[in-house]
Amino acid sequence: MTAREGQEELEAQFEQWRRYVLRRRELQPSDVDELEDHLRGSVDELIAAGLSPDEAFLVAVKRMGSLDELSREFAREHSERLWKQLVLTGDPDSPAADTHSRRDMWAMVLCAAGAAVSIKVPELFGLRLADDGAFYARNFTLFALPWLAVFLAWRRQARRPLIGTLVALFGLGAVAANAYPLAEESKSLVLTSIHLPIALWLVVGLAYVADDWRSSRRRMDFIRFTGEWFIYFVLIALGGGVLSLFLFHTFNAIGIIPQEFISQWLLPCGAVAGAVVAGWLVEAKQSVVENIAPVLTRLFTPLFTAALLAFLVAVVWTSHGINVEREALILFDLLLVVVLGLLLYSISARDPLAPTGLFDKLQLALVVSALAIDVLVLLAITGRITDEYGTTPNRAAALGENVILLANLAYSAWLLLRFIRRRTPFAALERWQTGYLPVYAVWAWIVVLLFPPLFSYV
Amino acid sequence: MKVAKDLVAASATPMVLGILAEGESYGYAILRRINELSGGELDWTEGLLYPLLHRLERLGYSESSWQSVAGERRRKYYRITDKGLAELAEQRRQWDTVTDALKEIWLGLGDRRPLTAIPLGCRA
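Residue numbers (UniProt numbering), protein chains in the order written: chain A, 1 to 458; chain B, 1 to 124.
If we strip away everything but chain B, and leave its shape as in the complex, we get:
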């Protein structure tokens, strides 16, 4: 199973902000973390990740700097800002609403028989 592209795109921002909220990180590590979290089901490309990171920076949700940690290459690290944390909280609220609503539906459906097509009124 692969997650649909639209869903990947929609969840990208809260996902990256959430990972950055865990601590500062760089592109490759973020991608690996997403892979790990989703068990390899989320298909992220570099073309999705890096422009998104740049967008978050432009919007002021994150800051970046080139750093070289001892024994490693020089890398561009991203760090979440206060504004980014606020945005993350807001996104989280929205996602909670969506997932809660979905959960309600899934639970309700679980009680009934499997989905069948419901006829649209009676044909005259």
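Just chain A, same shape as in the assembly:
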């Protein structure tokens, strides 16, 4: 071996050691730099004493002692590192990342401000939040999600065709929400208010995955993004609620009632801006904080499984048919959505290569019991949906959703079963779920665009 080769090998060993040490949360890159310098000092000295480079490396690493002990000592001095902190203004040790995250923050502030301003613009044309509730119910997400999409597209430096598609789709959403002559109390108005956000959220997804919209991995990232975004948004909303409570009561105490300010300004502007802020937070903290959605999934999968099984047992035991109320289908749709969510978020956190475990079986039990319940409901309802009440947009939408979710879960159960019996790899389930995303989008757009004319605007 020549001296040069020895040197190269030594560098490779240092690199390997660095990567190994960096895995420790207690040790930050700057500490590892410092320790590496120490290690190099040791190695140089040992080489000078006559050892070969790799012998010197081995001895030096051995002298440094066990990594466990080292990181324990570091943790004693830097206990805050065990609590991962979200550094909003970037890492002081790397100026490049710092300017990057600063730029992100400014873009977020601009988009959030744009959202907050845009929701007050219709007021200039005489559409007041207090009087034109229907207008705002239909359009609310159109004031928030395009701004979130702008932020995401900007961050990913989206190309022209994608930007064009985004603009066209949001424009289509605006047309669908406002062009049809829907009366204030019409059923289709409610449907549009529910389905437009879903359709638009998947447009945000297009901005999120940007160029890679075919890639299953990127779509899964979007599903992860959705879960975390939702949790952050709920947390922000809770904070906003506390803020408005304090505002109301403190001002109330001095005889000013800020109700109008809170309901007309703080809440709507805060909600649309919060949607953008939540998106930015998820992007900024991606690698900082453990994803929380999969943790909740782990907690609730066993509980939901138990609840559904108990319900099934009770149905069989009492031989009591499910009492199909008018809104029952919607309730059971929501149940399927929850089960699908539990499935999705445990898929999102699962290592695709890990072997099957108890949790997978539990999941199969959850999905199968949800399917069984849903089939019972469908059997009970099919006769009545056509005869008794006739087809209304609400019932058609609820039934359509039920079919879509049922198809998804049934095939998922099949894939899970095959996975548990080691016939298919786990990735098949992941691909099935990510491949199914466009189905939701298509259905949401159908409800928004085609239902009102189909049901003659009732």
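One or more hints might be untrue.
As the list claims (entries may be wrong) - Cross-link-like lysine-lysine pairs, in silico, DSS-like; alpha carbons within 27 Å at most:
#1 B:K5 x A:K62
#2 B:K2 x A:K62
#3 B:K103 x A:K62
#4 B:K103 x B:K5
#5 B:K2 x B:K103
No lab work stands behind these hints, which were simulated from the structure alone.
Using the hints, position chain B against chain A.
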């Protein structure tokens, strides 16, 4: 003979501050200096040294900066501050008290016969 762990830990701060008072230095050099001063009897680990250096920095006794001296690697150098010098003086005063007292005892003992157990009063 190895110095006991507790004693190593207790003497670590004044030792590092003292070495830094000689001039700015970096981790590996500090460890070598300690080795040299104690004739290899003080068993310092990296796990003791680096967190201690970070603690001294946090307390404001030292400052650090990454520097590259000509012909050498980029290194994190530590420099003692005025506050660190004051702390060193204080620690030194305390250690002097301890070592003086110990010396008195050792000297006194030197005059007498070797240590034997002293019975605790008379058993009844």
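Pair hint outcome, B:K5 versus A:K62 [Cα-Cα no greater than 27 Å]:
holds (20 Å)
Does A:K62 sit within 27 Å of B:K103, going by the straight-line distance between their CA atoms?
Given that 27 Å is the threshold and the Cα spacing comes to 38 Å, the pair is violated.
B:K2 and A:K62: Cα distance at most 27 Å?
This hinted pair holds, its Cα atoms lying about 19 Å apart.
Run the distance test for B:K103 versus B:K5: straight-line Cα separation, threshold 27 Å.
Answer holds: B:K103 to B:K5 is near 22 Å, not above 27 Å.
Within a Cα-Cα threshold of 27 Å, do B:K2 and B:K103 meet the stated pairing?
Holds, at roughly 20 Å.
Hint 3 from the list above is the single one not met by this structure.
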